[in-house]
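Build the full structure now, drawing on both the sequences and the hints.
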Amino acid sequence: MLVNCGLCSKQAAGSTDVMYSLWLMPEHEKLTCDETTVAESTDPTRNRLYNTARKIISQNNHPDQQFEPHVTLVGGLYNSSVQSLRGLCNRLVSELPGPCMKLDVCDAGHYHHTQCVYFKMVKGDGLRTLYERAQTLLSERAGVSLGVHGDVETYMPHMSLRYDCKAREDALKLCAGIERELASCEEFRTSVLELWDTTGPIGGWTCVGSYPFIHDEGDVLVE
Numbered sequence: 001m002l003v004n005c006g007l008c009s010k011q012a013a014g015s016t017d018v019m020y021s022l023w024l025m026p027e028h029e030k031l032t033c034d035e036t037t038v039a040e041s042t043d044p045t046r047n048r049l050y051n052t053a054r055k056i057i058s059q060n061n062h063p064d065q066q067f068e069p070h071v072t073l074v075g076g077l078y079n080s081s082v083q084s085l086r087g088l089c090n091r092l093v094s095e096l097p098g099p100c101m102k103l104d105v106c107d108a109g110h111y112h113h114t115q116c117v118y119f120k121m122v123k124g125d126g127l128r129t130l131y132e133r134a135q136t137l138l139s140e141r142a143g144v145s146l147g148v149h150g151d152v153e154t155y156m157p158h159m160s161l162r163y164d165c166k167a168r169e170d171a172l173k174l175c176a177g178i179e180r181e182l183a184s185c186e187e188f189r190t191s192v193l194e195l196w197d198t199t200g201p202i203g204g205w206t207c208v209g210s211y212p213f214i215h216d217e218g219d220v221l222v223e
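At position 193 of the sequence shown (counting the first as 1) the number is 193 in the UniProt record's numbering, and the numbers step up by one without a gap.
Hints in this document: simulated from the structure, not taken from any laboratory. Check each hint, because a few of them may be wrong.
Unchecked claim - As a list, the in silico SDA-like pairs of lysine to any residue whose alpha-carbon atoms are at most 25 Å apart: (1) Lys120 / Gln66; (2) Lys102 / Val122; (3) Lys102 / His215; (4) Lys123 / Leu92; (5) Lys102 / Ala183; (6) Lys120 / Asn79; (7) Lys123 / Arg48; (8) Lys123 / Tyr163; (9) Lys123 / Pro97; (10) Lys123 / Lys166; (11) Lys102 / Glu140; (12) Lys173 / Leu92; (13) Lys166 / Gly177; (14) Lys173 / Cys185; (15) Lys173 / Glu186; (16) Lys102 / Pro201; (17) Lys102 / Thr154; (18) Lys120 / Gly203.
As the list claims (entries may be wrong) - Computed beta-carbon distance windows for the label pairs: (19) Asn79 / Glu132: 17 to 27 Å; (20) Ala176 / Ile214: 23 to 33 Å; (21) Asp17 / Glu132: 19 to 29 Å; (22) Ser139 / Gly177: 19 to 29 Å; (23) Arg86 / Arg168: 32 to 42 Å; (24) Gln83 / Ala167: 22 to 32 Å.
A virtual CB, placed ideally from N, CA and C, is assigned to each residue, including glycine.
So this is what it looks like as structure tokens:
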């Protein structure tokens, strides 16, 4: 069951609260939301995970429910100024490398009154360290929610792919197809941390900051 995760973040506060999430973006060539070009690479596998996930999202979600492929680092952030969170993002990308990630298993869980389909991530050492550092920096900011995860042991890193499957049976069928489609994309890098305003409906979510990681974790994934 999918609980206490970034995609449920807007349930954590009242309807008038501005909600923020920190997203880890799969490495790929694109213009970030501040119109800074991510450095290009000649590696033909660089875009594979992003492009495949983007196609799955595009094909399986309504036009007004499109979103970028991402892994939520921390969601459900409120009672905070965007300037404070931008400062936090700058510290994270300067202190720690963007974690390499590994797909675990595709699954489904409750999202409002429907099922969300998502791919769980292996919680490697790099991701755990980054998550714990984010929580530490958040705890130093008076009045800021620590996010809906709170503890690294209950943190469930995942990449959401569809939000509104009506029945669990349909969601699990979709999971089987997604696992086959992403079989060649088992491992991938994250190169950018993005700050998103996730207030309200999915189609209205907005990127308000993009922060390339300065350091490179390397090719070794630690499980």
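Hint check:
no.: 1; hint: Lys120 / Gln66; in the structure: holds (20 Å)
no.: 2; hint: Lys102 / Val122; in the structure: holds (5 Å)
no.: 3; hint: Lys102 / His215; in the structure: holds (19 Å)
no.: 4; hint: Lys123 / Leu92; in the structure: holds (18 Å)
no.: 5; hint: Lys102 / Ala183; in the structure: holds (11 Å)
no.: 6; hint: Lys120 / Asn79; in the structure: violated (28 Å)
no.: 7; hint: Lys123 / Arg48; in the structure: holds (21 Å)
no.: 8; hint: Lys123 / Tyr163; in the structure: holds (22 Å)
no.: 9; hint: Lys123 / Pro97; in the structure: holds (15 Å)
no.: 10; hint: Lys123 / Lys166; in the structure: violated (29 Å)
no.: 11; hint: Lys102 / Glu140; in the structure: violated (30 Å)
no.: 12; hint: Lys173 / Leu92; in the structure: violated (38 Å)
no.: 13; hint: Lys166 / Gly177; in the structure: holds (17 Å)
no.: 14; hint: Lys173 / Cys185; in the structure: holds (20 Å)
no.: 15; hint: Lys173 / Glu186; in the structure: holds (20 Å)
no.: 16; hint: Lys102 / Pro201; in the structure: violated (29 Å)
no.: 17; hint: Lys102 / Thr154; in the structure: holds (18 Å)
no.: 18; hint: Lys120 / Gly203; in the structure: holds (23 Å)
no.: 19; hint: Asn79 / Glu132: 17 to 27 Å; in the structure: holds (21 Å)
no.: 20; hint: Ala176 / Ile214: 23 to 33 Å; in the structure: violated (39 Å)
no.: 21; hint: Asp17 / Glu132: 19 to 29 Å; in the structure: holds (25 Å)
no.: 22; hint: Ser139 / Gly177: 19 to 29 Å; in the structure: violated (41 Å)
no.: 23; hint: Arg86 / Arg168: 32 to 42 Å; in the structure: holds (39 Å)
no.: 24; hint: Gln83 / Ala167: 22 to 32 Å; in the structure: violated (43 Å)
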